[in-house]
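Chain residues, written in single-letter form:
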Amino acid sequence: MDRKQLINRLAEFLPAQSIIHEQEALRPYECDGLPAYRQLPLLAVLPDTIEQVQQVMRVCHDMQVPVVARGAATGLSGGALPLSDGVLLGLSKFSRIIEINKQARTARVQPGVRNLAISEAAKKYELYYAPDPSSQIACTIGGNVAENSGGVHCLKYGLTVHNVMEVTVITPQGELLTIGGAALDTPGFDLLALMNGSEGMLGIVVEVLVKLLPIPTRAQVMMAAFDDIEKAADSVGAIIAEGIIPAGLEMMDSLAIQAAEDFVKAGYPVDARAILLCELDGTNEEVSVQIKQVRELLQASGATEVRTARDEEERELFWKGRKAAFPAVGRMSPDYYCMDGTVPRSRLSEVLTGISKLSEVYDLPVANVFHAGDGNLHPLILYNANNPGELKRAEDFGAEILELSVKVGGTITGEHGVGYEKVHQMCVQFSEPELEQFRAVKKAFDPQLMLNPGKAIPQPKSCSEHKTIGGHQH
Amino acid sequence: MKAQDFTEQLQQQVQQAIDSKQPVKITGSGSKAFYGRETEGDELDVFAHQGIINYQPKELVVSVRSGTRLVDLNAVLAEKGQMLAFEPPAFGEGATIGGTIACGFSGPRRAAAGSARDFVLGTRIINGRGELLRFGGEVMKNVAGYDVSRLMVGAMGTLGVLMDISMKTIPQPFEEITLQRECTYQQAIERMNELAGIDLPVSATFFDGLNLYVRLSGAAPAVEAGEKRIGGERSDNNTIWQNICEHQHAFFSQDKALWRLSVPSDADYFELPGKQCIEWGGALRWLVSDADPSVVRSAAERAGGSAILFRGGDRQGEVFHPLAAGMKTLHKNLKQSFDPDGIFNPGRMYGEF
Ligand SMILES: Cc1cc2nc3c(=O)[nH]c(=O)nc-3n(C[C@H](O)[C@H](O)[C@H](O)COP(=O)(O)OP(=O)(O)OC[C@H]3O[C@@H](n4cnc5c(N)ncnc54)[C@H](O)[C@@H]3O)c2cc1C
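In order, the protein sequences belong to chains W and E.
So that you can map any letter, position 321 of the first sequence is 321 in this note's numbering, and since no number is skipped, the others follow by simple counting.
So that you can map any letter, position 287 of the second sequence is 761 in this note's numbering, and since no number is skipped, the others follow by simple counting.
Among the hints, a few may not be true.
[As the list claims (entries may be wrong)] Derived Cβ-Cβ restraints for the label pairs, each shown as a range:
1. W:Q23 with E:Q485: 53 to 59 Å
2. W:K461 with E:G555: 46 to 52 Å
3. E:A694 with W:E312: 24 to 30 Å
4. W:Q299 with E:E649: 24 to 30 Å
5. W:Q299 with E:G800: 53 to 59 Å
6. W:K93 with E:A765: 42 to 48 Å
7. W:P35 with E:S772: 51 to 57 Å
[As the list claims (entries may be wrong)] Chain E residues, not near chain W, derived (Cβ > 12 Å throughout):
8. S494
9. K495
10. K499
11. D592
12. E612
13. D621
14. R655
15. T658
16. G705
17. N712
18. E720
19. A731
20. P747
21. Q750
22. N807
If you are wondering where the hints come from, they were derived from the structure by calculation, not from laboratory data.
All of these numbers come straight from a predicted model, not from anything done at the bench.
Heads up, the beta-carbon is just placed ideally off N, CA and C, and yes, glycines get one too.
All chains should be modelled from the sequences, with the hints used to inform the complete structure.
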């Protein structure tokens with residue numbers, strides 16, 4: 001393929017500054033939030049109209065050049081990792097909130113709009129957008145749709161897939177499709193479910209209609225400290241068994257507590273083995289009833305201390321510590337590697353024990369931060385890439401954690417996506433016919449495999465080449 | 475309920491159908507035979523494939539075989555103080571969970587809590603190559619691979635045979651009351667949207683043409699505070715939601731075609747020949763009418779939505795809303811990718827596949 005010719009054809013409709021092709025200028029695009037994997041793209045384009053995206057897709061389709069979409073590149077699985085022979089399609093210029101409909105409680109936004117910006121804009125109508133990934137100040141809604149992102153509030157309010165009503169997508173052939181709609185049901189198959197979490201492999205999202213919710217009258221967060229991580233894990237089940245669905249239910253282990261405390265001074269008890277953050281929200285009356293119940297349950301579960309945030313300021317501080325946990329751990333070590341397995345809650349303590357054993361075997365420390373309410377673990381493996389062999393050791397350690405998650409009935413990824421990183425672990429979770437069905441779905445949208453090829457779904461035969469530990473069980 | 479696993483038998487039957495290229499009509503109890511288009515084919519009976527595979531109340535997860543009757547499943551959940559959040563209608567004693575999910579049916583709680591697809595976590599299916607495949611799982615969050623489980627919801631069995639289904643459950647509310655007040659159609663729509671924009675424990679709304687009904691669910695003090703704020707009379711009609719859900723309400727006992735119009739919740743009231751009632755915060759308009767299908771469909775489209783000929787009328791013509799050209803191609807490609815020989819429920823959803 002002729003790079004020069006490609007640039008010329010793109011220049012027919014894109015201004016020069018929207019086509020990036022010099023090596024140094026391409027450098028910022030070489031990785032996403034998982035910098036262990038880097039690759040310069042053939043070139044990058046930054047269109048700012050839907051028509052331009054369509055034209056880019058048509059030209060690339062015509063010249064058989066693969067395309068990788070990119071939002072804010074906060075992804076943690078190498079989903080937006082460029083291809084050396086592919087165009088990187090940046091959507092950062094699509095940053096406009098098109099409309100907020102107060103009456104219907106929806107927001108129509110462009111894909112490059114930051115997650116938090118939606119709630120900020122909706123605030124004056126006393127509405128907000130519920131899914132709140134910890135990266136919400138930076139990540140885009142287009143990226144959220146592609147990853148089906150979660151957040152600390154998804155136990156009660158669901159994931160991106162539960163909060164998106166419609167997406168406008170550009171097909172690999174450059175056609176525009178509307179999937180979903182402003183009504184609750186739309187005709188045909190539930191293609192919206194397929195688009196959420198499709199990792200930029202089924203279409204380019206160029207517009208999104210999201211659902212907004214009324215801001216809860218009251219939100220109260222409680223922090224419980226435990227001298228034993230198992231007790232903390234059990235208290236999670238106890239709360240849910242009581243018929244209470246907290247808005248958020250997050251857990252951190254001692255290494256993560258210390259890191260967060262050093263970084264943001266959230267007021268966490270640094271001598272605790274685990275803390276649990278439990279947020280209750282809703283009407284004033286509902287919250288009052290639940291706070292009392294949860295406090296009693298936490299105490300009965302053996303919490304050494306239960307504290308309710310005194311005011312909004314302290315509530316924000318408690319959350320700040322949690323939301324800053326990744327960068328906080330990042331300060332303790334030159335590099336860290338974040339895993340994302342989800343396990344049934346009842347297997348939580350078993351898996352944590354397994355992880356700490358593996359930590360000894362691989363001789364790498366690990367800090368645990370997780371969405372305890374939905375069993376989504378984020379073990380952060382600390383390593384130093386400058387030490388020969390350490391990255392490889394961290395990767396192998398991570399792979400074993402994921403295989404352990406699958407073994408106890410969980411999954412290799414709860415919210416960060418498979419991307420480039422976990423594509424081989426897909427072979428652990430899925431059988432060959434299942435993978436083949438995924439490939440068939442991909443071909444239904446993208447027969448020539450032009451969109452983000454090589455990510456998320458392992459290529460045919462690649463599983464037998466990368467024999468992994470464990471096995472597939474039905 | 476008799477727990478029994480018919481996976482092997484069903485897989486064999488599907489294989490035979492593939493080998494002989496004989497289409498099958500996937501059937502549970504037949505309670506939803508009225509829905510979708512009429513189809514031909516040998517019956518593939520999943521009713522015997524019954525039983526709860528795994529129920530973990532603390533995990534809020536239940537996995538069941540598709541032939542499990544909805545009444546049985548509901549009873550098992552109720553014993554632990556839980557329920558299916560989407561409050562699905564059964565439309566018959568024998569209704570199975572498989573049929574419910576294949577039709578994608580949700581009940582009164584849908585606008586507040588979410589739909590059937592929102593609560594499906596995983597499925598095991600037999601595809602049109604006779605393979606037994608598992609997608610999703612029993613955990614709340616799972617983004618490994620495309621979300622094929624949710625794709626199955628509402629696909630009318632055209633993409634595969636649903637074998638096992640894992641769903642998220644929710645706790646039953648502690649308290650539930652219904653309020654009612656007289657108003658017009660347009661007022662009802664506006665009020666429904668207004669209430670949804672305020673932090674209130676509203677779990678269902680219904681307008682029958684005369685009265686707006688609002689159901690509140692939650693902790694007792696929250697429900698009472700909501701009552702004060704919303705006003706209106708407390709209704710002692712405790713069966714109203716069940717009746718709406720199951721179409722046993724008087725509105726549904728009319729001798730004409732029943733249309734289901736799905737529109738944006740804030741779409742203004744639009745008149746059509748026949749009678750209408752409203753659910754789901756304004757987003758669902760039921761119409762009993764003998765109007766020409768094209769009249770109903772274009773009215774729904776003008777309002778930004780679509781229409782399904784839900785019950786009655788011509789079941790050989792198109793009953794679901796027509797697809798836009800690009801979407802039609804995509805549907806055919808997907809059908810092909812799951813069921814290359816067109817074995818499963820051909821024509822049940824759209825005439826073309
Ligand atoms: C500190 C930190 C904390 C995080 N916390 C969370 C968390 O709590 N929960 C969570 O779920 N994730 C979390 N993440 C991961 C990440 O923020 C999310 O995956 C996010 O949705 C990615 O958005 P992005 O705009 O950065 O997408 P990118 O990283 O740019 O892209 C991600 C994927 O989406 C595709 N894509 C992007 N835009 C489009 C589009 N318009 N159309 C089609 N495909 C597109 C890309 O090709 C790629 O495959 C965290 C990341 C960091 C760094």
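Results of checking the hints against the structure:
Our hint of 53 to 59 Å for W:Q23 and E:Q485 holds, since their Cβ atoms are close to 55 Å apart. Checked against the given bound of 46 to 52 Å, the beta carbons of W:K461 and E:G555, roughly 49 Å apart, stay inside it. Taken as a hint, the range 24 to 30 Å holds for the pair E:A694 and W:E312, whose Cβ atoms sit roughly 27 Å apart. Hint check: W:Q299 to E:E649, Cβ distance near 25 Å, so the stated range 24 to 30 Å holds.
Between W:Q299 and E:G800 the beta carbons are some 58 Å apart, a value that agrees with the proposed interval 53 to 59 Å. In this structure the supplied range 42 to 48 Å holds for W:K93 paired with E:A765, their Cβ-Cβ distance being about 47 Å. Range check, W:P35 to E:S772: about 54 Å between beta-carbon atoms, so the 51 to 57 Å window is met. Listed as outside the interface, E:S494 is consistent with that label: its C-beta sits roughly 21 Å from the nearest C-beta of chain W, beyond the 12 Å cut-off.
The claim that E:K495 lies off the interface holds: its Cβ sits roughly 19 Å from the closest Cβ of chain W, which is beyond the 12 Å cut-off. The claim that E:K499 is not at the interface with chain W holds, since no C-beta of that chain comes within 12 Å of its own (minimum 19 Å). With a closest Cβ-Cβ approach of about 5 Å to chain W, E:D592 is found to fall inside the 12 Å limit, against its non-interface label. Look at E:E612: its CB is around 6 Å from the nearest CB on chain W, not clear of 12 Å, so calling it non-interface is violated.
In this structure E:D621 is not separated from chain W by more than 12 Å, as the shortest Cβ-Cβ distance comes to only about 5 Å. With a cut of 12 Å on Cβ distances, E:R655 stays outside the contact zone with chain W, its closest approach being about 20 Å. Taking the minimum C-beta to C-beta distance to chain W, about 17 Å, the non-interface status of E:T658 holds against the 12 Å cut. For E:G705, the condition that its CB be more than 12 Å from all CB atoms of chain W holds, with the nearest at approximately 16 Å.
At roughly 21 Å from the closest C-beta of chain W, the C-beta of E:N712 stays outside 12 Å, upholding its exclusion from the interface. With a least beta-carbon separation of about 19 Å from chain W, E:E720 lies farther than 12 Å from that chain, consistent with its non-interface assignment. With a cut of 12 Å on Cβ distances, E:A731 stays outside the contact zone with chain W, its closest approach being about 18 Å. No Cβ of chain W comes within 12 Å of the Cβ of E:P747; the nearest lies about 22 Å off, and the non-interface call holds.
The beta carbon of E:Q750 sits about 16 Å from the closest Cβ of chain W, which is more than 12 Å, so the claim that it is off the interface holds. Here E:N807 does not stay apart from chain W, with its beta-carbon only about 4 Å from theirs, under the 12 Å limit.
Checked against the numbered hints given earlier, this structure breaks hints 11, 12, 13 and 22; the rest are met.
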